[in-house]
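The listed protein sequences derive, respectively, from chains A and B.
First residue of the first sequence? That's 1412 in the numbering used here, and the numbers climb one at a time after it.
First residue of the second sequence? That's 26 in the numbering used here, and the numbers climb one at a time after it.
Since the hints were made in silico from the structure, they are not lab data.
Incorrect hints may have been included.
[Claimed, not checked] Here are some of the chain A residues that sit facing chain B, going by a computed Cβ distance under 10 Å:
no., residue
1, R1450
2, A1460
3, G1507
4, H1550
Glycine included, every Cβ here is placed at the ideal spot set by N, Cα and C.
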Amino acid sequence: MAILEILTLPDTALKQVSEPVTEFDDELRAFIVDLDETRANGPGAVGIAAPQVGFFRRVVIMDCSKTRKPVPNHGHLILVNPEITHWEGYEMGREGCLSVPDYTGNVIRATRIHLVAQNPEGQRLEFDMEGYEARAAQHEIDHLDGMLFVDRVVSRRTDLFKRKVYQKGGSK
Amino acid sequence: MTTHWHMLTLIGEDKPGIVAAITKALFEFGLNLGETSMLRLGGNFTVMMMVSGDHQEAELRDRLKPVIEAQGMCLNIDPIKAHLHEHVLPNIQVTVTGADRAGIVAQVTAALAALGFNILDLESDVAGTAAKPIYIMQIAGVADVPVESIELALEQLRQDGVDVNVNPIETYIG
Chain A
1412 MAILEILTLP DTALKQVSEP VTEFDDELRA FIVDLDETRA NGPGAVGIAA PQVGFFRRVV
1472 IMDCSKTRKP VPNHGHLILV NPEITHWEGY EMGREGCLSV PDYTGNVIRA TRIHLVAQNP
1532 EGQRLEFDME GYEARAAQHE IDHLDGMLFV DRVVSRRTDL FKRKVYQKGG SK
Chain B
26 MTTHWHMLTL IGEDKPGIVA AITKALFEFG LNLGETSMLR LGGNFTVMMM VSGDHQEAEL
86 RDRLKPVIEA QGMCLNIDPI KAHLHEHVLP NIQVTVTGAD RAGIVAQVTA ALAALGFNIL
146 DLESDVAGTA AKPIYIMQIA GVADVPVESI ELALEQLRQD GVDVNVNPIE TYIG
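Make a model of the complete structure from these sequences and hints.
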C-alpha cells in the first residue's frame, strides 16, 4: 500500500488520453489499492482517476455515499474501462479537483447517465446514475480523456443568459 | 522590497481592449495580479483586481494615468490586507426570481444576515423586457444553519410572490 503522488496543473500529462485496461491481473489490483488509498488521503476527495497519479489506464474510483446530505448512489465503485452510453438532462454543480488545488467552479453535467464498465476482475458492470453520482462519473471519465473540469467551468451568469436567450428563442 | 496589495477598481464605458490595455500597463510596471472580478454591468465594464508589488500608491496612480485616460475610465486605488490561497467553499446557494421591484435584495439579504449566512458571491441581473422586468439573483455563501431554517426565513418573500430556491451546494472533488 502506498499513497501516490498526484499530478497537478500545469503538468501537461493531465492532458494525456488513457488507454483501455486489457490485463485484469494482480498488478492492476495492487495499483487500484494504492489509487484508493491516495483518494482517501486527498483532502475531501470523492473520486480519483488513474491518470491523476500518472498511470494512463482507464481506471476510476469514486464513492458518493459520504455526502453531507445523502444522495442517490451505488457506494464505493471501482470502474475499469468505464463508458457512458446514455446522457439525459443537464444541471449546474460545483466541482473541484485534486489536480487543481484551491479552485472550484461551476460545471454543467448531464443529470442522468447510463454507464457500463468492468470490475477489477474484468466482469461487466452496468449502472444508472443520477445527480451528484452522475457528475462524479463524468468528472472522472473526463480525466481518462485528458480533460479537466477547468476546461468546462462556466459562470453562473452563463446559465442566466442561456435561459434568457435560448428559452425565448430570441436573438441578442 | 516589501510586497503589498492594493485593490484597483476601474469603471468605464464597455469597449474591446480595456483589459488588455490596463493589464499591459500593470505588467510593464512590474506588478502581479491576484484574484480579480471583471464584468459588464449595464453597458459599463467594471474591474476589481488585487495587485501586488513593491510599488507606492502615488507612483502606481501616476503610472496608470495615461492608460486610464486613454480608456476613458475612472480609477480607485485602496490599500488592502489580502492573502491568496484562502478560498472558502460555499455550502448553500439561494436563487431568487421575481417580478422586478424595489427591496428584493434588501429583504433576502436581511433574512440571510440574521441567520449568520455569509455571502461569498452574489450575482444579480434584470432580465425580461423593459415593460416586464424580471429580477434574478444567485447567491452562494456559507451558513451553519440547516437549509430548512433558511427556507423558513425566506417564506415571507414567497408569500409576496417572489420565487426563492435554497439548495445545499455539495462540491464534488475528484
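Next item on the list: Identify every previously stated hint that the structure contradicts and give their numbers, smallest first.
Entry: Going through the list in order, the structure violates no hint and respects every one.
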